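Trainee: Here is how the chains run, residue by residue.
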Amino acid sequence: MSAPAVSLVAMLYVLAVIAAVMMGRRVSLWRAGRPMQVDWLKGIQALPKRYLVDVHHVVGRDPFTARMHALTAGGLLAGSGLLLLAPLAGGFRLYWALIALLFAAMLAGGAMVRKRRTPKPARLSGGRFNMLPLLLIGYAAGCFLVALDAASGGWLWLLAWPGLWLAAAGGMGLVLQLDRGPMRHAFAGALHLVAHPRPGRFEGRRETALAPLDLEAPRLGVETPADFTWNRLLGFDACIQCGRCEVACPAFAAGQPLNPKKLIQDLAATIVPGGTNAAYAGSPYPHARAVAGVGGPQQAIIGREAMIHPDTLWSCTTCRACVEECPMMIEHVDAIISLRRHETLECGAVPEKAAPALAELRYADDAQGRPLVARTDFAAGVPLPLISARGEADILLWLGEGAYDMRHGRSLRALLKLLHLAKVDFAVLGPEEKDCGDLARRLGDEATFQRLAGDNIATLARYRFRRILTADPHALHTLRNEYPAFGGHYDVVHHAALLDELVAAGHLAPGALALADVTYHDPCYLGRYNGEVEAPRRLLDRLGLNRVEMERHGKRSMCCGGGGGAPLSDIEGETRIPDIRMGQAAATGAGIVAVACPQCTAMLEGVTGERPEVRDISELVLMAVEAAASPADNRAARQPEPVA
Amino acid sequence: MKVTVLLSAGLHPVSGRPCPAAVELQAIRLAHTLGTPELTGLHAGPAADAVRDALGQGLPRLLWLETAVEDDPLAGLVAALATDRPDLILAGRQAQGADDSGLLPYALAKALGLPIIADAVAIEPAGEGAVHVVQALPRGARRRVTVRLPAVVTVHPAAPTALPFAFAAARRGTVERRAGQAALRSGAAIDERPYRKRPKLIAKAAAGASAADRLKAATESAAGGGRLLVDPAPDEAAREIIAHLRELGVLRR
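Chain order of the listed sequences is A and B. The letter at position 606 of the first sequence is residue 608 when you use this note's numbering, and the numbering goes up by one with no holes. The letter at position 216 of the second sequence is residue 1143 when you use this note's numbering, and the numbering goes up by one with no holes.
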């Protein structure tokens, strides 16, 4: 081995020791969190697949970044790892040639890191991140030169010595970034994949249900970082501040004081004793409310005197767009709900307009205190069988709180007519149906949610039915994914999926509709939470409609602003989320926005001015079925009349 | 300062399930505006389910005098308050879902020999042994009075909304259960009739006037009409009141 090569390997061992110390410091901080059992063996075995398949699936949505990361991380890890084997293989020139090749790849990756940051897009962070391309390029170039020299048999020694210094400087810089700089994501991210709090995500399972809270626990929800389990703290450290969440966040887009990236950075800053948010150099919370910006493992996270303002917490619509976009698999929404639970259950610090809604849910089982018998009023004139009169039905129709709403009542009436036409055997719970508890749970009122869930499960246990049908994706998600934790296991189907089935089976015969172009708005709780993006589109295509897609659609769709209790929290911003979404719909040139959720209907119908018409999928199917029955009406105007 | 809030067994107006009466929860919030009083809730009745939730809305402890269903709560409350001697007794202006007569605070004040101030929307400390009470009057008018403690104050629904419910606080709060007093209700004289909405009185002056005038008269007269006399002599005031009542047809002679 040549002298520079020996020095490089020796230096690398020193750097490895320093790196271990830096990482150890961070690991000791996570130990402040609550204990959580992790299947280490399974996690470590699954790591390569989780990294190469699941992470790459997200990173690969931006091909340039994916190539950049593959070259940089691959070159860095493989090159440095091989270098550490030099005491065994240092005598082979082919070994050094391979190392040179790997660092050449890393050099190319480093150049791409630099290119991506010039000019710096708003979503990327500055500060410590500004040094990153230089450090990567320095380390890669230095190692490359030394390895090239060793591979050539010492012919390039003139380049090797400066190379060694370059590698030392770059390497030292990178190692010092392991604690609080960008390089933290490398080891925290790998560990996060191993010890992920929702391992089912990597096994193709729908891991979107919130975890039940033990209401007997001495402290409810999360007040301080130490109340998070240790692997949640680890998750916050995995953030690389790529800002994909910030781009996807509807609250951020509307100028409300929420930025998922900053939220995670704030949480990561509170893990450190005496931590502050001063080092953060990315986009702030829009119209950020003043906070002290300090924290520690045993200090409160939420409050004007702490790290995060309550308005930030209550801006979230729980749409999960940030989670969907996060390449580090961080669970933002879980963190937000944990914090909300403490605010609501321990402090009673809910947004002003949410308090009466939660009180009505507590005492009257409906968020607006409406009589439960009035839920079926919308159906006046259309037969609506009660399951209590029969004891069983093939399909139990869960009406949800949308049934009280005049506008959504029209969608439900269309659905009822279609069910009657298709001769579906169905019934409703009528006054026995209580609120499913979605709103209470998203607002952090786990106590009310668990009571409502228990009551509903007890009611459902008294009747026999094969499936539950609902037109409300929020109820669908709650019944399908969150009730099982309380002993209620149901086969729940969304009305778009059922109508699609009925049309496919020939029970409904829609004619072709000669309407304006349609664009379908995916409800978050159907698309992202439940992965159902195809059935509604298939159904629309069966109606002979010309379907156009918004740029953000499917699992990457944008929220209407109606979820997570956000309409009740009503945090002030610059614009309204539904206005932004309707703008995106109008930009497609479509005349109709097809929706499949009462919240989306209400939010999008609330948009003023000239805009596409909002139609629930059931209304469009009914139009098509009626058009087939009486072809004379087929000459109707291409643009439907406004409803609301 | 010792403050006791009287809590009634309320029923939710829609669901009919037990729930705390909203205006009594507002009373708890008003008590909190007096600095950090020694605050107790007092309930007399056969069950405390409905009242217990008030512990989650700013009430640290509850004293429950257990009585039979047919017992009149008044005697037990008077006895408990006479021993406990709070500086301020707060009550809602009317129960919710019980007898709802709104008479209990007056009967209580009479039995304890205390002054009563009705319809408070704000209470502020006024030095030693007194408080300022802002009363809600019709048409949004407010009157500020100073009352020497101890006193009974009833709270108006226009007072600030109740503190939000905190589940953990309700869990932490303590309920002290004591035997109440058996006392039969003196309810023989109460005559029950179905509720009948009273017709609105529309000022005659507006008849034949413009639509805007009629609207104004129709919306204004509902709240009383009449004349405003500032600091009149008692004789003159009495004559005015009688004249007004005759005009309305309430007094026929």
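Since the hints were made in silico from the structure, they are not lab data. Treat each hint with caution, since some may be false.
[Stated by the list, open to error] Interface residues of chain A toward chain B, partial, derived using beta-carbon atoms under 7 Å:
| id | residue |
| --- | --- |
| 1 | L87 |
| 2 | P89 |
| 3 | L347 |
| 4 | V352 |
| 5 | P373 |
| 6 | A449 |
[Unchecked claim] Label pairs and their computed distance ranges (CB to CB):
| id | chain 1 | residue 1 | chain 2 | residue 2 | range |
| --- | --- | --- | --- | --- | --- |
| 7 | B | R944 | A | D427 | 42 to 50 Å |
| 8 | A | E394 | B | G943 | 27 to 35 Å |
| 9 | B | A1136 | A | P387 | 34 to 42 Å |
| 10 | B | G1040 | A | H289 | 55 to 63 Å |
| 11 | B | H1171 | A | P387 | 35 to 43 Å |
| 12 | B | A1136 | A | T577 | 45 to 53 Å |
| 13 | A | E574 | B | A1009 | 50 to 58 Å |
It should be emphasised that the depicted structure is a prediction, and the values quoted were computed from it without experimental measurement. The C-beta atom is built at its ideal place from N, Cα and C for all residues, glycine as well.
Trainee: Does each hint hold? Answer for all of them.
Mentor: Consistency of the hints with the structure:
no.: 1; hint: L87; verdict: 56 Å, violated
no.: 2; hint: P89; verdict: 59 Å, violated
no.: 3; hint: L347; verdict: 4 Å, holds
no.: 4; hint: V352; verdict: 5 Å, holds
no.: 5; hint: P373; verdict: 5 Å, holds
no.: 6; hint: A449; verdict: 4 Å, holds
no.: 7; hint: B:R944 - A:D427: 42 to 50 Å; verdict: 33 Å, violated
no.: 8; hint: A:E394 - B:G943: 27 to 35 Å; verdict: 29 Å, holds
no.: 9; hint: B:A1136 - A:P387: 34 to 42 Å; verdict: 55 Å, violated
no.: 10; hint: B:G1040 - A:H289: 55 to 63 Å; verdict: 57 Å, holds
no.: 11; hint: B:H1171 - A:P387: 35 to 43 Å; verdict: 59 Å, violated
no.: 12; hint: B:A1136 - A:T577: 45 to 53 Å; verdict: 46 Å, holds
no.: 13; hint: A:E574 - B:A1009: 50 to 58 Å; verdict: 51 Å, holds
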